[in-house]
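Top to bottom, those sequences are chains A and B.
Letter 86 of the first sequence, counting from 1, is numbered 85 in numbering that gives the first Met the number 0, and no numbers are missing.
Letter 157 of the second sequence, counting from 1, is numbered 156 in numbering that gives the first Met the number 0, and no numbers are missing.
Think of the hints as simulated: they come from the structure by calculation, not from any bench.
Please note that the accuracy of each hint is not assured.
Stated by the list, open to error - Just some of the chain B residues that point at chain A, by a computed CB distance under 10 Å: (1) GLU4; (2) MET7; (3) VAL9; (4) VAL10; (5) GLN12; (6) ALA34; (7) ALA35; (8) ALA36; (9) LEU38; (10) LEU39; (11) ASN148; (12) ALA150; (13) THR151; (14) VAL152; (15) GLY160; (16) ARG172.
What the hints assert, rightly or not - Per the computed footprint, the stretches of chain A lying under chain B, defined by three or more beta-carbons under 8 Å from a beta-carbon of chain B, are: (17) 30 to 38; (18) 66 to 78; (19) 90 to 104; (20) 121 to 129; (21) 132 to 141.
Just so you know, even glycine gets a beta-carbon here, dropped at the ideal spot from N, CA and C.
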Amino acid sequence: MDRRQAVSLVLVGVGSCLLVGSAVSVARGAIARDAARTRWAELEAQRSARGARALVGQAEWAIALGSPVARLLIPKLDLDEVVVEGVGDAALRAGPGHMTGSAVPGDRGNSVLSAHRDRHFRSLGELGVGDTLVTESDRGTVVWRVARVRVVTADAPVLHGSDSPMLTLTTCWPIRYFGPAPDRLIVEARPVVGGSAAGE
Amino acid sequence: MADSEWLMAVVNQARVLREGPAFPGGLVSIRRFSAAAALLVAVGVTEARAQITTVIGPAKRAPATGADSVRREQVAQDSIARVTLTDMKQWVDSAAQALALRPDTGTAPAEAPSTVTAAQIPPRPDSATVSRRMAVAPPEFREGGRAPNTATVIPTLGVLGAVLLVIGVVVGRRRRVPVPSKSRS
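Pulled out of the complex, with its shape left as it was, chain A reads as follows:
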């Protein structure tokens, strides 16, 4: 084996490993996504989504990471995903993640949902003000209307509480970009009340 063949073998081997690793990650995401959808279907069938929470005094315990908490539908993007608890790597592999500590969609407060820009929210940039979203959770079905779309830097303080129901979708920006994301895309929506978004 000459030097050229050795280099070729090394390149092919490393490249194959990287490709297989990427494929495995995507496959695991698909499996986790299916599992989340199945679990959500079970919860809907049993109407026990409310039972996924335990009350300790007046404070609610956190939902287990990775458990489905809601369903997000964006007709314009043809998106229908089950939202799981947490915004860690494992949770975001399965679907959009609900930031722990934020309100459940439909509750009073700011509900923050995040997802990977190269997976579930890869088309989030196409959303504009006035577009509608729908969330389903144990708090009921809520129709939201996009009130604001903005791009901020990664370290910008964009998450704030709210006295009224509010939905915030976040992902990394730019969407088509390799490497660490310098910015964040923030989509804020308010529930539709009587044909107009509340809080406008």
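The hints should help you fit chain B onto chain A, whose structure is shown.
Okay, now just chain B, sitting in the frame of chain A:
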């Protein structure tokens, strides 16, 4: 074949081997040893049979009530109940009642509380004793917080892998251009 018949056959074979070895030397001693071992097994099985018991099935589950089912679901969804702890016997013992309703235990305490109050859950141990999973907990919502980092290296790794693969194949297939020999004229 009955045990006694088989036993007699083994004994007869051992007797034949002892009285008239067809192959003098080590082979006979090996056969004698095998026959003795077979004899011991044949006899021993009847004695050991009483010591061999069948598989003991799991205890029957107590019939779950509606409240138990809801509670089990709650505990199953509770991340606190899934935390892996080490060397925290005291904490585990004190939390045993709350954890007894985990679905995988299949047991229900006689007096299961309908709800778990904060007083029943002991304080969680120091961060040094909790699992590594908790140490890398995802960001949580707080006032003025940042949007989470949702960028992954998967696309980068995939593209890099494809590029390396193509380059490797091209380098491996490139043929050497024969150097024209200088002809002496």
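Hints, verified against the model:
Given hint, B/GLU4 at the interface with chain A, is violated; its Cβ is 58 Å from that chain's nearest Cβ, farther than 10 Å. With its C-beta approaching chain A no nearer than about 61 Å, B/MET7 sits outside the 10 Å limit, and its interface hint is violated. Because the smallest distance between the Cβ of B/VAL9 and any Cβ of chain A comes to about 57 Å, over 10 Å, the interface hint for this residue is violated. Nearest Cβ of chain A to the Cβ of B/VAL10: about 62 Å, over the 10 Å cut. The hint is violated.
Interface restraint check for B/GLN12: the shortest CB-CB distance to chain A comes to about 59 Å, outside 10 Å, so the restraint is violated. Against a cut-off of 10 Å between C-beta atoms, the interface hint on B/ALA34 is violated, since the closest Cβ of chain A lies about 57 Å away. With a least beta-carbon distance of about 56 Å to chain A, the hint placing B/ALA35 at the interface is violated under the 10 Å criterion. Interface restraint check: B/ALA36 against chain A, minimum CB-CB distance 51 Å, threshold 10 Å, status violated.
Nearest Cβ of chain A to the Cβ of B/LEU38: about 56 Å, over the 10 Å cut. The hint is violated. Taking 10 Å as the C-beta cut-off, the interface hint given for B/LEU39 is violated, the closest approach to chain A being about 53 Å. For B/ASN148, the shortest C-beta to C-beta distance to chain A is roughly 7 Å, which falls under 10 Å, so the interface hint holds. At a threshold of 10 Å, the smallest CB-CB gap from B/ALA150 to chain A is about 4 Å, leaving the interface hint in force.
A cut of 10 Å between beta carbons decides the hint on B/THR151: the least distance to chain A is about 6 Å, and the hint holds. Contact between B/VAL152 and chain A, as hinted, is supported at the beta carbon level, the nearest pair being about 8 Å apart and thus within 10 Å. Checking B/GLY160 against chain A by beta carbon gives a least distance of about 3 Å; that is within 10 Å, so the hint holds. Nearest Cβ of chain A to the Cβ of B/ARG172: about 8 Å, under the 10 Å cut. The hint holds.
Remark: the segment 30 to 38 of chain A is not confirmed as covered by chain B, as 0 of its residues place a Cβ nearer than 8 Å to a Cβ of that chain, below the required three. A stretch counts as covered by a chain when three or more of its residues have a beta carbon under 8 Å from one of that chain; for the segment 66 to 78 of chain A and chain B the count is 1, and the coverage is violated. Requiring three or more residues with a Cβ within less than 8 Å of a Cβ of chain B, the coverage given for the segment 90 to 104 of chain A holds, as 7 such residues are present. Closer than 8 Å: that is the beta-carbon criterion, and the segment 121 to 129 of chain A has 0 residues meeting it against chain B, so the requirement of 3 is violated.
Taking a C-beta to C-beta cut-off of 8 Å, the segment 132 to 141 of chain A contributes 0 residues in contact with chain B, too few for the three needed, and the coverage statement is violated.
Consistency note: the structure conflicts with the earlier hints numbered 1, 2, 3, 4, 5, 6, 7, 8, 9, 10, 17, 18, 20 and 21.
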